[in-house]
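Once you have looked at the hints, place chain U on chain D.
Read top to bottom, the protein sequences are chains D and U. Each residue of the first sequence is one higher than the one before, counting from 1 in my numbering. Each residue of the second sequence is one higher than the one before, counting from 260 in my numbering.
No wet-lab data here; the hints were simulated from the structure. Not one of these hints is a red herring.
Computed spacing ranges between beta-carbons, pair by pair:
| no. | chain 1 | residue 1 | chain 2 | residue 2 | range |
| --- | --- | --- | --- | --- | --- |
| 1 | U | L434 | D | L31 | 32 to 38 Å |
| 2 | D | G228 | U | M260 | 47 to 53 Å |
| 3 | D | E129 | U | L432 | 38 to 44 Å |
| 4 | D | G126 | U | L300 | 47 to 53 Å |
| 5 | D | A131 | U | D315 | 53 to 59 Å |
| 6 | U | A424 | D | R171 | 39 to 45 Å |
| 7 | D | G33 | U | A424 | 17 to 23 Å |
| 8 | U | D455 | D | E136 | 58 to 64 Å |
| 9 | D | R171 | U | R423 | 35 to 41 Å |
| 10 | U | L271 | D | A139 | 25 to 31 Å |
| 11 | U | G480 | D | L31 | 25 to 31 Å |
Reference excerpt, derived from the structure (chain D facing chain U, CB under 10 Å, subset only):
| no. | residue |
| --- | --- |
| 12 | R66 |
| 13 | Y99 |
| 14 | A103 |
| 15 | H106 |
| 16 | D109 |
| 17 | L110 |
| 18 | F118 |
| 19 | M122 |
| 20 | A163 |
| 21 | A170 |
None of these values were measured; they are calculated from a predicted model. Heads up, the beta-carbon is just placed ideally off N, CA and C, and yes, glycines get one too.
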Amino acid sequence: MPQTTIYVAPRFPGTLGTTPLAVATVELARLFGRSAALAGVSVNVEVGRTVALLGPNGAGKTTLLRLCATAIRPSFGSLAIDGLDALRHPEQIRGRVAYLSHATGHYDDLSAAENLRFAATMFGWGAAEGAAVCDEALAGVGLDPVAQDRVGTFSAGMRKRLALARMLVARPSLVLLDEPHAALDDEGMALVDQLLGQWHEAGVTVLVASHQAERVARMADGAIRLDGGLVAEVTGAGVSLGSSVPTLTPQVAATGMDR
Amino acid sequence: MRELRRAAAVALAIARKDATAELRGRQAAGSTLFFAALVLLLFGFALGPDSRRLTDAAPGLLWLAIVFGGLLTVSRLHQLEADDGALEQLALYPVDRRAVYAGKALAGAAAMLVLGGLLLPVVAILYAIPIGAAWLPLLAAVLLGAIGFAAVGTAYAGLTVRLRAREVMLPLLMLPIVAPLLLAAVKATGAALTGDPLGELGSWLQLLAAFDVIMLVVGAGTYGFLLEE
Chain D
1 MPQTTIYVAP RFPGTLGTTP LAVATVELAR LFGRSAALAG VSVNVEVGRT
51 VALLGPNGAG KTTLLRLCAT AIRPSFGSLA IDGLDALRHP EQIRGRVAYL
101 SHATGHYDDL SAAENLRFAA TMFGWGAAEG AAVCDEALAG VGLDPVAQDR
151 VGTFSAGMRK RLALARMLVA RPSLVLLDEP HAALDDEGMA LVDQLLGQWH
201 EAGVTVLVAS HQAERVARMA DGAIRLDGGL VAEVTGAGVS LGSSVPTLTP
251 QVAATGMDR
Chain U
260 MRELRRAAAV ALAIARKDAT AELRGRQAAG STLFFAALVL LLFGFALGPD
310 SRRLTDAAPG LLWLAIVFGG LLTVSRLHQL EADDGALEQL ALYPVDRRAV
360 YAGKALAGAA AMLVLGGLLL PVVAILYAIP IGAAWLPLLA AVLLGAIGFA
410 AVGTAYAGLT VRLRAREVML PLLMLPIVAP LLLAAVKATG AALTGDPLGE
460 LGSWLQLLAA FDVIMLVVGA GTYGFLLEE
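With the rest of the complex left out, here is chain D (with noise of 0.2 Å):
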């Protein structure tokens, strides 16, 4: 019997229900020079859910997060934040978005108080309400004491609490952590957990990359595993391999004309 290869695009593998989705990319690819960094990711996460992003280094982790932060744009394929295209509203975006960077991207020269009221005025808070808010951000990441000490002084641990900090002012509907966990000491990383909660209570997204994939594996819903640029593995609930540009997969069908 002749044989004939046909193409045809994969099945849709995941099961999307009607809640809408938090992040949606289709065949998201970010390059560096020549290098891939991101090289074709299509994946879903539902709003509310709380993700783990895992995979060795160089997976393409921190790219993932950059790229929903808006911090890069995307080389190829397309991102929507909340339903909102990244490349056409960056800025509403950023209005809905928190990112925890490996940089803390403090001021020195400012205490951690002077810190979070700048970024508190850049949120849009006014003065008043604004000083509220970080009060008690300071206060729920355990730096009040050290509220007027510059930030010069500071330990890495100190100043990645008083970066979760800025991301509680913030009230964000899509929390975005790079490595967590890392430099914090055990009551810190406690403190990431309980934040982690608390998002989850309130219906905040959660995409979380992290080493610790059993720490994280406790807190999250699902999980994509990444692995050089691309899309390993998905898990969990809440999360789904994305609709995608046919992949042109060769399949051998039987015809069952005779030539």
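Just chain U, lined up with the frame of chain D:
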């Protein structure tokens, strides 16, 4: 109107933050002033004790010192953002990036104005030039020059802050652009010091103001793209 008020609040917050950091890092600000004053002193040595020659050269020397000091100032104001990834955080705030530019340019212009204001009496003392009667046009020239220099410097510092060779690239890119500003500022300062015998002071100040407006518009329009990686 509400958006404009928000943009003004953002710009003022950035300028205040930069001013606070600059004042607390007194060592750097003091060093810039000392460096600029030293430049004036060395020019004085190079030109010799001829008071007429010094008086003729004073406007040019003053502005060269302001430009050298200004290069250090605008570079330092962006270096604040480069430390600990603050520039990326600044770019991620949900604000109009023209307001971010306005804030950084405002801080730069204020620092330059202070630098120019402090260098004027240094010039008066070192080169024995009476500036008392001409203080108002001199201040206008320094103010307009400071705004123009900060407008260009903020945009170029944003462009070069991520480069390894930023200390070299900033003057290389910036100095050709500020050449018209330097010319107009020197001429305006010279006219102010000599009592404006040819009645040209107003024209030079107008040229400075036009340069400022053009550079502020261009800078505000391009700064957002410079923050992108």
